[in-house]
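In case you want the letters, here they are:
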Amino acid sequence: MTSGSANNAYRRRWLEFLAPLSKTWTVVLGIAIWVLFFGLWETAVAAGWVNRLLVPSPVDVLRTLYELFAQRGFLSDVGISTARILGSFLVACAIAIPLGILMGSFKAIEALFNPFVSAWRYLPAPAFIPILLMWFGTGEEPKLALLFLGVIFFLITLIMDHTAQVRTELIETAMTLGGTRWQILWTVVVPAVLPSIVVAMRQMLAIAWTYLVIAEIIASTTGIGAMMMRARRFLHTDDIMAGILTIGVLGLLFDVMFRWLYRLLFPYLDQGGR
Amino acid sequence: MPQQTMNASPQAKLQLEGVSKTFRVRRGNDIEAIKDVNFSTPENEVCVLLGPSGCGKSTVLRMVAGLEVPTSGVLMLDGHPIAGPDRERGMVFQAYTSFDWLTVQANVEYGMRLNGVPKKERRDRATHFIELVGLAGFAGAYPKQLSGGMKQRVAIARTLANDPAILLMDEPFGALDAQTRWHMQEQMMRIVEAANTTVLMVTHDIEEAIFLGDRIEFMSRHPGTVHEEIIPEFKKGHRILQKEDLIGLEGYGDLERHILQLMREQGGDDSGH
Numbered sequence: 148m149t150s151g152s153a154n155n156a157y158r159r160r161w162l163e164f165l166a167p168l169s170k171t172w173t174v175v176l177g178i179a180i181w182v183l184f185f186g187l188w189e190t191a192v193a194a195g196w197v198n199r200l201l202v203p204s205p206v207d208v209l210r211t212l213y214e215l216f217a218q219r220g221f222l223s224d225v226g227i228s229t230a231r232i233l234g235s236f237l238v239a240c241a242i243a244i245p246l247g248i249l250m251g252s253f254k255a256i257e258a259l260f261n262p263f264v265s266a267w268r269y270l271p272a273p274a275f276i277p278i279l280l281m282w283f284g285t286g287e288e289p290k291l292a293l294l295f296l297g298v299i300f301f302l303i304t305l306i307m308d309h310t311a312q313v314r315t316e317l318i319e320t321a322m323t324l325g326g327t328r329w330q331i332l333w334t335v336v337v338p339a340v341l342p343s344i345v346v347a348m349r350q351m352l353a354i355a356w357t358y359l360v361i362a363e364i365i366a367s368t369t370g371i372g373a374m375m376m377r378a379r380r381f382l383h384t385d386d387i388m389a390g391i392l393t394i395g396v397l398g399l400l401f402d403v404m405f406r407w408l409y410r411l412l413f414p415y416l417d418q419g420g421r
Numbered sequence: 106m107p108q109q110t111m112n113a114s115p116q117a118k119l120q121l122e123g124v125s126k127t128f129r130v131r132r133g134n135d136i137e138a139i140k141d142v143n144f145s146t147p148e149n150e151v152c153v154l155l156g157p158s159g160c161g162k163s164t165v166l167r168m169v170a171g172l173e174v175p176t177s178g179v180l181m182l183d184g185h186p187i188a189g190p191d192r193e194r195g196m197v198f199q200a201y202t203s204f205d206w207l208t209v210q211a212n213v214e215y216g217m218r219l220n221g222v223p224k225k226e227r228r229d230r231a232t233h234f235i236e237l238v239g240l241a242g243f244a245g246a247y248p249k250q251l252s253g254g255m256k257q258r259v260a261i262a263r264t265l266a267n268d269p270a271i272l273l274m275d276e277p278f279g280a281l282d283a284q285t286r287w288h289m290q291e292q293m294m295r296i297v298e299a300a301n302t303t304v305l306m307v308t309h310d311i312e313e314a315i316f317l318g319d320r321i322e323f324m325s326r327h328p329g330t331v332h333e334e335i336i337p338e339f340k341k342g343h344r345i346l347q348k349e350d351l352i353g354l355e356g357y358g359d360l361e362r363h364i365l366q367l368m369r370e371q372g373g374d375d376s377g378h
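Chains as they are written, first to last, in the numbering used here: chain A, 148 to 421; chain B, 106 to 378.
Possibly wrong hints are sitting among the right ones.
DMTMM-like, lysine to aspartate or glutamate: derived pairs with alpha carbons at most 20 Å apart [claimed, not checked]: (1) B/256 to A/316; (2) A/254 to B/173; (3) B/249 to B/205.
With the Cβ distance kept under 8 Å, some of the chain B side facing chain A (calculated, not the full set) [said to hold, decoys possible]: (4) 192; (5) 195; (6) 196; (7) 216; (8) 219; (9) 247; (10) 249; (11) 252.
Since the hints were made in silico from the structure, they are not lab data.
All residues carry an ideal CB built from backbone N, CA and C; glycine is no exception.
Okay, chain A solo, but in the shape it has when bound (with noise of 0.2 Å):
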């Protein structure tokens, strides 16, 4: 806001280094950049630039939304994409926190454990594919093995990486006030590093919706993906659209949840997840 006041010599511009933004500003902007996108989609469509066989306006696809849940059971495909992921996420976290942690603490089971580790991080999960369905065929076996895959090795490396950068001096100062190593791992460590591992899981989480996709995509005649190789069948991308934008709306409220979760567990950290 400019200031009538001739005593303000200081200029004030659009892009000034390290210059703050305020919040009322901040949101406009993030809601403008999606008004223009939808306002050029519409045009487009609306104009006939594009064909509307291919290119459905937003219009149409928010009205596919609606009868996808509405008419045509959809909820059930977002219910058991859902499920797959929590289903295999939590196991992936239920081996990787104490595994991470114990690595991240003791050097005999990093040294025992990260080689191995290490060298699966560099295969990508989905060049397993072809042998999870030879094993455990088209069921839900193969598409929970991929998104476990997927995860748990980035996660155990970064839960381990947290871990091992617990401050020394907060571990020193427990030996010295005469804890044992199991009191100092559940007292100091874990406390320590559980909001970082928080993170980690957040991360980690938006990257199994990428294995989900890809899963479902490939072999399976349910959930998200699955309707959206039948829609290509049929030409119709408007369900094609209504389902990138499920997921997408889906992994946002998965984000703000974590978001959540964090303040409600860490409130001594006096600021949330960034």
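Based on these hints, arrange chain B on the given structure of chain A.
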């Protein structure tokens, strides 16, 4: 209770004999950080390890804490050899060590919780030591809400509440601004008087050493060893609670000058090495 454990110093609380520490940097390239350190501290005294940076004073303190292992020599507390970290040698670090996830009260209770002190006693002792360090109104606060000086007072209270035989401090006021440090030094003096505890403290601040120390072990570098034991006789065996009273005393200026000269001789600049 004086106990005849050593011929040299009958009432020594802490005693170091021929303590050396060698770090292996590369094969065949050992660095002798600490060489033949000998000194002892009587009960209820404040002993200060003073010296230029790189003289290994923190390494000596960490060996007393049991966090480093000496290459040779013996360290004894109350006549028993030191074999590793233990609650009887509680340490306060230069870096802030408050546990962010615990309130001030829970931080101070922490050591007692580890050692199975009953809940009621834990709470009472914590309250006592929180008051002693002047944080009475902050028992329910989290460390993120406290200033640096307050965090250090939490660490001191936490260590004292755990009832150690000796309090170890590694430049505890080094990270604080000048005014806070000065205030903390005076408060430390009162706490030591009230808690009646033995203290081994590392510093490179000469004024702090003279103010707090009942005895000063001055260490030299290359290799690190005790160069001179200094007892500030001019304080006449009683503790001074305010820094300005110290500076007025006859003999203070001479001692400070003497230590400054030692610092210059022993510290020098690193270009010579």
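Is the hinted pair residue 249 of chain B and residue 205 of chain B satisfied, with a Cα-Cα distance of at most 20 Å?
With Cα atoms ~7 Å apart, residue 249 of chain B and residue 205 of chain B stay inside 20 Å; holds.
Supplied contact hint for residue 249 of chain B, tested at 8 Å Cβ to chain A
Since chain A brings a Cβ to about 5 Å from residue 249 of chain B, closer than 8 Å, the hint holds.
Chain A contact restraint for residue 196 of chain B - C-beta distance below 8 Å:
4 Å, holds
When the least beta-carbon distance from residue 216 of chain B to chain A is tested against 8 Å, hint result
4 Å, holds
Against chain A, with CB atoms and a cut of 8 Å, does the hint on residue 195 of chain B hold up?
Holds. Min distance 5 Å.
Proposed interface contact between residue 219 of chain B and chain A, which counts if any beta carbon pair is under 8 Å:
5 Å, holds
Mind checking the alpha carbons of residue 254 of chain A and residue 173 of chain B for me, to see if they're no more than 20 Å apart?
The given pair, whose Cα atoms are some 18 Å apart, holds under the 20 Å limit.
Close enough to count: is the Cβ of residue 247 of chain B nearer than 8 Å to one in chain A?
Holds, because the Cβ-Cβ distance from residue 247 of chain B to chain A comes to roughly 4 Å (cut-off 8 Å).
With 8 Å as the cut and Cβ atoms as the points, is residue 252 of chain B at the interface with chain A?
At about 15 Å, which exceeds the 8 Å cut-off, the nearest Cβ of chain A leaves the hint on residue 252 of chain B violated.
So if I understand the rule, the pair passes when the alpha-carbon distance is 20 Å or less; does residue 256 of chain B with residue 316 of chain A pass?
Holds: residue 256 of chain B and residue 316 of chain A sit about 14 Å apart, inside 20 Å.
Have a go at the residue 192 of chain B hint: is there a Cβ in chain A nearer than 8 Å to its own Cβ?
3 Å, holds
Hint check: a violation occurs at hint 11 only; the rest are consistent with the structure.
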